[in-house]
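Use these hints to put chain B onto chain A, whose structure you have.
Here are the chains, one letter per residue:
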Amino acid sequence: MTDDTPLKPVIDYRAIARDGLWTNNVVFGQLLALCPLLAVTGTASNGLGMGLATTVVLVTSGLSVAALRMFIPADVRIPVFVLVIATLVTIVDMAMNAWVHELHKVLGLFIPLIVTNCAILGRAEIFASKQPIGASALDGLMMGLGFTAALVVLGVVREILGAGTLFAGAALLLGNAFKVIEINIPAFDGVLLFALPPGGFVMLGFLLAGKRVLDEKLSERKERDTALATA
Amino acid sequence: MSGQSPLKLAVILTVFTTVSASFLVVADMATGSHIALRRAEDLKASLSQVIPDRLHDNDLSQNVFAMDGPDGVPAKIYQASMAGEPVAVALPVTGQGYAGAIDIIMGVDVSGTVLGVRVLAHAETPGLGDKIEAGKSDWILAFSQKSFASLVPGQWRVKKDGGVFDQFSGATITPRAVVNAVKRGLEFVHAHHDALFAKGAAHD
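From first to last, the protein sequence lines stand for chains A and B. When we follow our numbering, the leftmost residue of the first sequence carries the number -17, and every step to the right adds one. When we follow our numbering, the leftmost residue of the second sequence carries the number 144, and every step to the right adds one.
Just chain B, same shape as in the assembly:
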């Protein structure tokens, strides 16, 4: 080809890279605040699905604290309170599904009853495992109002394993992973009840 000096080519490439980078900076400045806003809305929406709005009067997304969660890694715990009295927590828990991690958020009230469970992200098989999404099937709603008082730990399994939760035809691993994760989350709440429902835990 034209055989230009490497130095000149390097300068040209540098110019192009710099210009591209500055375009990206501008785009980031234009969209950054919007994206942060959308993320906050997403968080609020998923939190209100696992802890009904009528149960608390505080802003969940602002009442957050970190502690070693059910997965053994630091987790963000959201505390709901009514007139200053802690009434429920929302905590993340991860299940190991058929195709990797299943990110779950679950709400548990102060008596240890599950208020709601939602899957935030997963990579399960479309049409089979994705029935764990609330938008695809009612399955995930079966956890609501369940507790270790209403179901002994041995019943926290899919029906195939002798429990009470339905599996899907053609997909047992996915629901089994979710049931196990929720059970683990509930055990975690029981084990750390005092810390989770401590007044003012979330005021840092």
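Excised from the complex, chain A in its bound form:
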């Protein structure tokens, strides 16, 4: 293994984690994968299912691309990445159809679309094709978890506002033990707008603005702390 690539002699695992989960979050940082994001986040459970499926693909595609990176000529790297990703997505699709069939019925239409999730090809090109296997798998995992978190947060907000329920159908995904987290807000049927993609866009806008504000507050505090420390 040529782990001694000149690019990064020491791998900063914490930076990879922070990047995927927050700073460079697929949705809130890179603003990628908005199509699946808006399509499946009508409910929190669907968001969680889609997020986990995408995470599996991100981790395995990171692993495969990093493992094969010496054999992939630069000229044809994009077709090879697409091929690897499409193969993995098809396998995930078949596995879900066989073993989590109820969820597959809900998400079925969107699973093949993971192929077109530009975030996955993006990570293969930017990260996995230049980094060792372990770091690439971690990057895939963190990017996937960040994406999952974004899907769940948006799903929670949209489901509460749009349908008046929370985690409806979670038992399909997690097993009957999780029936208890399925909440139905009494006497509130939701505002239709938030169940539809335009409402998803509106909500995404609010969440993005919220992250900006939070980031600003955090950097302000950091500045104040360093100022105090040097004073």
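Calculated from the structure, these hints are not laboratory results. All values reported here derive from a predicted model rather than from experimental measurement. Idealized CB from N, CA, C, for every residue including glycine. Accuracy of the hints is not assured; some may be wrong.
Where chain A lies over chain B, by a calculated footprint (3+ residues, C-beta under 8 angstroms) [stated by the list, open to error]:
| no. | stretch |
| --- | --- |
| 1 | 230 to 238 |
| 2 | 322 to 330 |
Which residues of chain A face chain B? A few of them, derived with a C-beta cut under 7 angstroms, are [to be verified]:
| no. | residue |
| --- | --- |
| 3 | Val58 |
| 4 | Val62 |
| 5 | Thr72 |
| 6 | Met76 |
| 7 | Asn79 |
| 8 | Ser111 |
| 9 | Pro114 |
Then chain B, alone, in the frame of chain A:
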């Protein structure tokens, strides 16, 4: 870039494609039987919703025959029988909704009474048109026990059109499409009653 010969690139791509294809073959072999099983369970579940289990003693999913259905295309008709006597059929019918086809399966007994109707697939607006799903609202249950004896054909409409079936606030096209489709299915059963309820029709 590195400028490798096109031939070499083609060979590399071929190798990658072949390896990917073999992975897919393995995955298909591992999941195929499970998927077929799940599909059969789905079919059984939706059939038992439109023809109650207590009415028949045969395996519906095995007693199937094809004929030109209500939509003018060959359709799979499931025949339910009790002690060898045909008692009901389940047939598919398609409605044209607000956002494309609405796939419906309906059960009708030998007297021409609707036993149950379920929507199998649709693309209607979430929150408005999707109330046709049994999981979202009781609306679809209104068809049960209805027949041309209990409702004259003119009453097989949504209330807005002078019929007896509710429309949804904000969505009339979807319920109208379902009511029309079910009515068409029932007309089909009346028109082809002998063929549908023929003994042994499903034994091919």
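Could you work out which of the previously given hints the structure breaks and list their numbers from low to high? Violated hints (numbers, rising): 1, 2, 8 and 9; every other hint is consistent with the structure.
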